[in-house]
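Asks: Chain Z is fixed; fit chain R onto it per the hints.
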Amino acid sequence: MQWPEALQPIWIIARREIRDQFRDWRILAPILFLTAFFPFLMNFFAQQMLDFVRRYGAELVGERMVPFLMLVVGFFPISISLVIALESFVGEKERGSIEPLLSAPLEDWQLYAGKLVSSMVLPLLAAFLGMGVYTLGLALNRVTLPPLEVVLQVFSLTFFHALVMVSGAVVASSQATSVRAANLLASFIVIPMALLIQGETAIMFWGRQNAILWWAVFGLLVLAILLVRVGLAHFQREELLGRELDTLDLAWGWRTFVRHFRGEARSMLSWYKEEIPRTLVEMRWTLLIAATLALVGLGLGVHLAQRFPLQLDLSEVQTNQRLSQWTTLWPMGSSYTFTTILGQNLRALFLGMILGSFSFGVLGVLPMLTTMGAVGFLTQALSNNGVPPFLFIVAAILPHGLLEVPALWLATTATLEIGLGMITPQRGKTFSEALLAGIARWFKIMLGMGIPLLVLAAAIETWITPQIVRYLLFQ
Amino acid sequence: MIQTEDLSKAFGDFIAVDGVNLRVEAGEVLALLGPNGAGKTTTVRLLTSVLRPTRGRAWVAGFDVVQHPQKVRAHVGVLTEHHGLYARMSGEEYLLFFAELYGLRGEDGHQRVHALLEQFGLAAAARRRIGEYSKGMRQKLALVRALLHSPPVLLLDEPTSAMDPENARIVRETIRSLRAAQHTIVLCTHNLTEAETLADRIAIIRRGRILFNDTPEALKHHLLGTPLYEIRLAQPWDGSLPPLPSDVEIVDRGSDWIHLRIGDPHQTNPLLLGVLTAANIPLLTFSELPRSLEEAYLRAMTVEEPNAMA
Numbered sequence: 116m117q118w119p120e121a122l123q124p125i126w127i128i129a130r131r132e133i134r135d136q137f138r139d140w141r142i143l144a145p146i147l148f149l150t151a152f153f154p155f156l157m158n159f160f161a162q163q164m165l166d167f168v169r170r171y172g173a174e175l176v177g178e179r180m181v182p183f184l185m186l187v188v189g190f191f192p193i194s195i196s197l198v199i200a201l202e203s204f205v206g207e208k209e210r211g212s213i214e215p216l217l218s219a220p221l222e223d224w225q226l227y228a229g230k231l232v233s234s235m236v237l238p239l240l241a242a243f244l245g246m247g248v249y250t251l252g253l254a255l256n257r258v259t260l261p262p263l264e265v266v267l268q269v270f271s272l273t274f275f276h277a278l279v280m281v282s283g284a285v286v287a288s289s290q291a292t293s294v295r296a297a298n299l300l301a302s303f304i305v306i307p308m309a310l311l312i313q314g315e316t317a318i319m320f321w322g323r324q325n326a327i328l329w330w331a332v333f334g335l336l337v338l339a340i341l342l343v344r345v346g347l348a349h350f351q352r353e354e355l356l357g358r359e360l361d362t363l364d365l366a367w368g369w370r371t372f373v374r375h376f377r378g379e380a381r382s383m384l385s386w387y388k389e390e391i392p393r394t395l396v397e398m399r400w401t402l403l404i405a406a407t408l409a410l411v412g413l414g415l416g417v418h419l420a421q422r423f424p425l426q427l428d429l430s431e432v433q434t435n436q437r438l439s440q441w442t443t444l445w446p447m448g449s450s451y452t453f454t455t456i457l458g459q460n461l462r463a464l465f466l467g468m469i470l471g472s473f474s475f476g477v478l479g480v481l482p483m484l485t486t487m488g489a490v491g492f493l494t495q496a497l498s499n500n501g502v503p504p505f506l507f508i509v510a511a512i513l514p515h516g517l518l519e520v521p522a523l524w525l526a527t528t529a530t531l532e533i534g535l536g537m538i539t540p541q542r543g544k545t546f547s548e549a550l551l552a553g554i555a556r557w558f559k560i561m562l563g564m565g566i567p568l569l570v571l572a573a574a575i576e577t578w579i580t581p582q583i584v585r586y587l588l589f590q
Numbered sequence: 211m212i213q214t215e216d217l218s219k220a221f222g223d224f225i226a227v228d229g230v231n232l233r234v235e236a237g238e239v240l241a242l243l244g245p246n247g248a249g250k251t252t253t254v255r256l257l258t259s260v261l262r263p264t265r266g267r268a269w270v271a272g273f274d275v276v277q278h279p280q281k282v283r284a285h286v287g288v289l290t291e292h293h294g295l296y297a298r299m300s301g302e303e304y305l306l307f308f309a310e311l312y313g314l315r316g317e318d319g320h321q322r323v324h325a326l327l328e329q330f331g332l333a334a335a336a337r338r339r340i341g342e343y344s345k346g347m348r349q350k351l352a353l354v355r356a357l358l359h360s361p362p363v364l365l366l367d368e369p370t371s372a373m374d375p376e377n378a379r380i381v382r383e384t385i386r387s388l389r390a391a392q393h394t395i396v397l398c399t400h401n402l403t404e405a406e407t408l409a410d411r412i413a414i415i416r417r418g419r420i421l422f423n424d425t426p427e428a429l430k431h432h433l434l435g436t437p438l439y440e441i442r443l444a445q446p447w448d449g450s451l452p453p454l455p456s457d458v459e460i461v462d463r464g465s466d467w468i469h470l471r472i473g474d475p476h477q478t479n480p481l482l483l484g485v486l487t488a489a490n491i492p493l494l495t496f497s498e499l500p501r502s503l504e505e506a507y508l509r510a511m512t513v514e515e516p517n518a519m520a
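Chains Z and R, in that order, give the protein sequences.
Quick note: the first sequence uses this note's numbering, first residue 116, plus one each step.
Quick note: the second sequence uses this note's numbering, first residue 211, plus one each step.
Isolated chain Z, as found in the complex:
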């Protein structure tokens, strides 16, 4: 099928929905209000704000306020896109109009994209129109307009805010069993979006927005792509028609978890001898990605140590004093140190898994990046201060790191796999099942390999590494 031909059904679906939106006063009324009235209110507010801060010589605050208000003017109309997108699939299901559409000769992605486009067009049009009216108002009031780059950034941010919210909401709509359930899921979109906008606002007021806001735009683009991918991967006609109930089925959740945790193993021994190696083979490409990320973390640490050189006071007296303080806090060779190290490592990796589950695996790489970054930074910082890095690595990191880093590597890989499971089409698996399967795999890898390695690493770090450090570095 040629591209123009393949794209045509998307436009047919979107056009029908947009026409429908133009006939729904519940959508039109707020959009008209936010386009026709709200920008003037913001103009007035900007003018008042500028006059007020000028009296105290704080024109800078006013200048920074102007693009921020433009972002606000754009954001309110696009927030309506969330409502439209949330009911895109599940609303049709509730009204009984989804089945003829599902029976039409459309590819899943065409149906999905049609809904995505239709949810965005009208609110975005209103947002851009509102922002235009606001800018025109500024010009008429002879307020200095923000630089063109900032205006472009604000327009781009508005577009990508809409894309992220809509793609997230369409995922919620295609997975939820009722509009009510979809609305409840919307908090997972609204809250992060609110935090994000606060962050962007801070950047705008900070004033060094040029590069950073483009990074924010890029981040939103990546997030939107991931969300669209998740939506497409888990869009199943069958699920839209099959599920009717919202009840939380804990028994099903537990059975699913156990099934994926056990895999094909019939005994504890076969689980260890066959299931774990099989899982590792399945994860081979992700292991490679995680290894690359570890090297990136190491490189970043080295780079940061070079960019922000740290002057270390490594005089013998100072070092001995600090060592003695540390050994008071963390008694060398004590079981308390052992449990603390082990607990800290487990907590960090578990948190990584939780973060990864909410961010398609992306935030799950943080423990790996920060740990490897810290190693790289310390190594370079010591080198900058005349301590041979090789000796530091051999003495202070390698003994327990030989076990701890592989555990970290495996945990990060399993966390990335959770995200991959969510964004990859899983025939016959629902979104929840794919998520549970990923979490079960994480626990499988951790119980089978990660935790034993961490226990050994903590023991070495408690009882052996300090001895080696003392022997090699502080003779």
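Hint data in this document are derived by calculation from the structure and do not stem from the laboratory.
Glycine is no exception: its CB is placed at the ideal position from the N, C-alpha and C atoms.
Hints are supplied without guarantee of correctness; some may be wrong.
Unchecked claim - Which stretches of chain R does chain Z cover? Using the computed rule of at least three CB atoms under 8 Å from a CB of chain Z, they are: (1) 258-266; (2) 284-296; (3) 299-311.
Replies: Below, chain R alone, put in the same frame as chain Z:
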């Protein structure tokens, strides 16, 4: 043409369709009968590639429902249980929207839409919002949607349930003409009279399994036994009857009527009439007692063990 082999669908532990074997030829109407929740809608959804079978296979218009879902959908017209109309659109806009989705664009789409609107008596209401349509008009509109792309296979769920007799007749005539034009039609209905008058074959489904699948007459024969005949007499007769052929059994008798069960009507009926006439019995009428499909259906529902019949 539709063919299924061991077609099954389970939702978790619940088996909605269990080993269904069907074959519906071109130019044939199959009525799928069964109580609510028997698996009729799931079977239709499997045949439109909206659901994937958990076991077995199905071919619709020559295409495998799993391998070629798009082609299956393009060759099927489906009237769903919920009509799936958009209340804010006009009937014409709605049909043009689906016509475009099925590849009928521009003038072709317009012509087809208007011809069907005319055929089903909806032309006058074409520009009105669907929200203003009556139930029957909505059902007709949904049926028109199913017919838009002239699909070789039609899956119709309760096509006349909300219609007045006049409109129901139009729909029934349409189904007959579609059958004559070699369309393959599956009719899911609770209207047993309609099923009997329209269908070439009846399939009774219960708890996901096809219990019976045959012509209406064969089905009645199988479920209700050999047909009953009634002799009506011109005047009360209390005399004894002459010796009757061996496969004739008198089931019941009144003063001016006799109910008989006849083993082989084709052979026995002429003989029987001869015997009765010779005995000067005042015959008024001799006819088969009508037996409704409803009786057969209700009997089928009492069958304990599924007795699948190809």
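Asks: None of the hints should be skipped; say for each whether it holds.
Replies: Hint by hint, here is what the structure shows:
no.: 1; hint: 258-266; in the structure: holds (count 4)
no.: 2; hint: 284-296; in the structure: holds (count 10)
no.: 3; hint: 299-311; in the structure: holds (count 6)
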